[in-house]
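**Student:** Here are the chains, one letter per residue:
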Amino acid sequence: MSYSILIVDDSLPMRSVIKRTLKAAGYGSSEILEAANGQEALELMKNSWVDIVITDYNMPVMNGLDFIKTLKLNDLSKDIPVVVISTEGNESKIKEFMGSGAAGYITKPFTPEAIRDLIVNILGEADYEENFDDSAEDFDF
Amino acid sequence: MKKILMTALKTSISEVMETMFFLPIEFGKDATLAQCGMDKKNTMACRLTFTGDASGTLILLAPENLVAEMAENFMGESRDQLTSEYLSGTLTEMLNMVCGNALSKTNSKVPFELGIPEMMDTSEISEKEMFTIVETTESKMAVLLKMD
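Protein sequences appear in the order of chains G and D.
With numbering that gives the first Met the number 0, the residue at position 34 of the first sequence is 33, and numbering never jumps.
With numbering that gives the first Met the number 0, the residue at position 139 of the second sequence is 138, and numbering never jumps.
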């Protein structure tokens, strides 16, 4: 099954790494959307359906926490699962995110397995054979 | 506080370099850029401010070749595919991960807040500054922690 996955991160390399991880995890046929901050993501979501959001915390214009709070206030987006990937490993900060409605939290540095396991847990197992992307062949899982 | 942070930073640099960039590292003796043979010309630099129980700035310098190697390992792309935006993004993301990871190891009462990492011109860096030297197999980078 293919999904629409939105990656929100101001770091172009980090978006690229997460995208590659998703492909290697079997979500290669999913539509991957990208935004550089929370505000840009909200604009994009006005016109695109999203099944799951993966967001950073520390971003310019609108950070990940304000972004999640805004999503959860809207009836149309409040049930979309949001996974946070952030350098912020402080326990109170993680609690704040989970309390605001995040479905999961991964701290950087992360392993690809951490992302795969959390996304699979939320979306369900991807059809690995059907979706396998050749460009991810050398990716270690 | 600076000593605690520096210890945490060293642990985080090792973790980030090995987990995200697949480059094992060792720490050399603290040195100026000239002493450790780093040339400002072909070097990229970035900085990140933080506030909390203690406030300061973390500065990271790395030769372009090392940044390119890190970007290749990080994204799995060949060097000819890497634009300058990817290179600077790799360096700032490295700094972001190191700083966030290190600050979370300090068990501070108040959570630290990180700024947005930004590229800086190496001419802004004094020749007299003493850096922590991080050595990879074939290259080295320099880290400077400045407390407010």
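Fair warning: there could be bad hints in the mix.
[What the hints assert, rightly or not] Below are the EDC-like pairs computed for lysine to aspartate or glutamate, each with C-alpha atoms no more than 16 Å apart in a straight line:
(1) D:K1 to D:D52
(2) G:K18 to D:E76
(3) D:K39 to D:D147
(4) D:K104 to G:E30
(5) G:K77 to G:D50
(6) D:K145 to D:D52
(7) D:K139 to D:D52
(8) D:K108 to G:E90
(9) G:K18 to G:E90
Worth flagging that the hints you see were computed from the coordinates, not collected in a lab.
**Student:** Would you mind marking each hint as holding or not holding in the structure?
**Tutor:** Hints, one by one, checked against the model:
no.: 1; hint: D:K1 to D:D52; result: holds (11 Å)
no.: 2; hint: G:K18 to D:E76; result: holds (13 Å)
no.: 3; hint: D:K39 to D:D147; result: violated (25 Å)
no.: 4; hint: D:K104 to G:E30; result: violated (36 Å)
no.: 5; hint: G:K77 to G:D50; result: holds (11 Å)
no.: 6; hint: D:K145 to D:D52; result: holds (14 Å)
no.: 7; hint: D:K139 to D:D52; result: violated (31 Å)
no.: 8; hint: D:K108 to G:E90; result: holds (11 Å)
no.: 9; hint: G:K18 to G:E90; result: violated (27 Å)
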